[in-house]
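As a plain string of letters, each chain reads:
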Amino acid sequence: MEKSSVNSGVKVIAIGGSAGSLEVLFQLLPLLRDDIKVSILIVLHRRNSADSSLSELLASKCHLPLHEADDKDVIQAGHIYLAPSDYHLLVEKDHTLSLDDSEKVNYSRPSLDVTFESAADVYGPALTGIVLSGANDDGTLGLQAIKKMGGTIIVQDPETAQIPIMPQNALTHLAIDHIFSIRQMAEYLNSAELN
Amino acid sequence: MIEDEDIELLLTDLFELHGYDFTSYSRASLKRRINRLYSLDKFPSFAELRYRVRSDTSYLKRFVEEITVNVTEMFRDPTFYLSLRNDILPILGTKPFIRIWHAGCSTGEEVYSMAILLKEAGLLRKSLLYATDLNPTVLEKVRRGIFPMNQMKQYSESYIASGGEMDFSDYYTANYGQAKFNGELSEKIIISTHNLVSDSSFNEFDLILCRNVLIYFDKDLQDRVLRLFDSSLGSLGYLALGSKETLKFSVVQHNYKQLNREKIWKKVV
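Quick note, the sequences are listed as chains A and S, same order.
full-length UniProt numbering numbers the first residue of the first sequence as 1 and each following residue consecutively.
full-length UniProt numbering numbers the first residue of the second sequence as 1 and each following residue consecutively.
I should point out that these hints are in silico values taken from the structure, not numbers from a laboratory.
No false leads were mixed into what you were given.
Label-pair distances were calculated between CB atoms; the ranges are: (1) N190/A with H18/S: 51 to 59 Å; (2) K148/A with N150/S: 31 to 39 Å; (3) P125/A with T23/S: 28 to 36 Å; (4) T173/S with H173/A: 43 to 51 Å; (5) N190/A with S198/S: 47 to 55 Å; (6) A59/A with E204/S: 40 to 48 Å.
Quick reminder that beta carbons are idealized off the backbone N, C-alpha and C, glycines included.
Just chain S, with the same shape it has in the complex (with noise of 0.2 Å):
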């Protein structure tokens, strides 16, 4: 078991050496997994782990990838998407073009849902998915838009849920225990690595989803990327975070109006 101290030790290496800066985390899932990647690597020691960490970059990037949670699936929460549909798609239609962007998008499960909403909706064509993550890693998968063939029963049962009206296995080619989505889907995704953290605005954006990234910061790293987020949103656009996430008691609350039960608010100024 690492301890605090330990773990103090470690996100200041990963900064000072690597400039990955994870001191504003939420430190009890971060200390979780740090101790479940250390028994996962068998470390016999801490100081086995450290000297890894700060000198071996291969090593790094995977310390990078597993200390942060990459779960995701498609059409998580149905009834979100249904309201993307119902509510949100409509008025985003309107516009001339549509920019939509995924901050911390992992493997990309929820940006193909979301290329499928705007295909169903006629909207694809002229829309643009930007896909960002800190991990390079799990962008690849974006890229290559295939993910596992076994999860594709759930995920089709989500997209009806969502309100989906088409045959969920039109939109991939099944091969080898694999699902590759249309590339008629990928081709409106652009993928770039971001660090929330670090990194500034990149553009000015219609939709921005956020889903179960910001449970993962403490509360002052919560404000400052939805100082971010409000930078890159244009007036009277959408930004959606998590289940159990709010904008409520955050710095920018004020500056937008809840959408229904579902956690989309509207810009308002």
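Pulled out of the complex, with its shape left as it was, chain A reads as follows (with noise of 0.2 Å):
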């Protein structure tokens, strides 16, 4: 049997946001347990700056191992990747992390889309997108190619969301398998049916 890298068989969430999301992952981050076993990427729409300090932020919430990514990074179970500022994350067939600093998407750089949909052609059934709070469409693209590719689709309810339009705009035109508050994400990627 061929035993290719970390990630045979391990799962992967692609989370996104943009205005008000950074308030989600400072909750959701602390409720997740230290011993889970899934890849998570995390795309936020950011200041246009090379800094590095959010992801110290990020990383002092979390019990999990979380770095900014850099060009050819290694996906391992139970980290969490943070895209760079000022460049989209994608991801290899090797299971590796590949930075592009080519036109925004969605006015954005990094852009969900970009991420979901390469992450999609890469990891599909295995592959979990997220939508948070945010004020553009970015991500209803990205989630309509994991969908594609058999993966599933989740956003965070309106209701809770700070600016709801990029989670709307994803219901609007998709069929989204889960509608969840910050609690109900946080149990399912706890859940022993990712992990």
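Hints in hand, dock the two standalone chains.
The structure is reproduced here in structure tokens:
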């Protein structure tokens, strides 16, 4: 049997958000157990600067190792990767991450759509995409791609989102699998089914 | 949506018929760019796209230009340029002559940024900036030194953040929404096509800048290109990479020492 990489059988979660999503992560990350096996990719619309204090801040909220993605990082089970500012984050077939500084998508770099589509291509049914609070349409096409490849798609309950436009847009256009509060998201990520 | 097998067919065509070798490019980004172009140019089928790439040389030019990423800006990551000003240029200034290579320079915004730094350090007269890229079209833009006026506000802010103390607008003339940079800067820039995948070393340099190019290459090609840079750098020369790129884990890492938090390495052998 091929024992390819850490990712045989491991599930991957791609979480993305814009305005109002940082507060969600501050609440969500501390709720994640330190022994979960899923790998998590986080894409946030953020200020265009190369300073890495955001990843340090997020890491401090979290029992799991969290780092800003570097070019060619190998995706490991139980690790969380944050897309660096000013780069799109993509996933390669060999389960490494790659970066791309091409044009902005939905006025954004990193863009949720770019990461979601690329991860869907590699992980198919093993991928879950989650769209959090935000004020534009980024993420909807990405969730669509995930769904098409057999993955699971989730949005933050617009009722609980500081800016509901982003999850609402996905809900309007797609058959979303779950509409979750922050606590439900944490339960899902900690669940035995994923880990 | 173009499938993986079709991408491989295209890459084989590009190499066998036209000599462009993209087979060692990172696939995720390349696939995205090919699909983007496929829908942008409204091809009815993959076969149609393949036919155009195989047989239409003017389309080939567009294809190569569009699947490679040509997004760049002046004084991107201002603290990087601040470090060039404060840490690198004073040392290069002790040399009788300064040779700098911008590898994969795209439309040249970084080359002009560098020329401005050299000018302000009083070193431009004894410097030459070699600007190379695989796309002839983008090099034409470097030659003209004309950039969109609507970027200038941001570039001016980055210039100031990089330690610039002059009036940034003194470096260009505004006309019809375009900013043409002074001839004094461009006359020190030597332009040539050079493909990092297939071409070899062509000179010895004191500083090589190759920022946000290696991210598009797979690990083997990255190593190959870093070896090319290594053989093109004089002893005690400097190599500068993009903010998310590294020499760590590369074949040449032991020949270099990272200077500071910026992605600048000094050759120590």
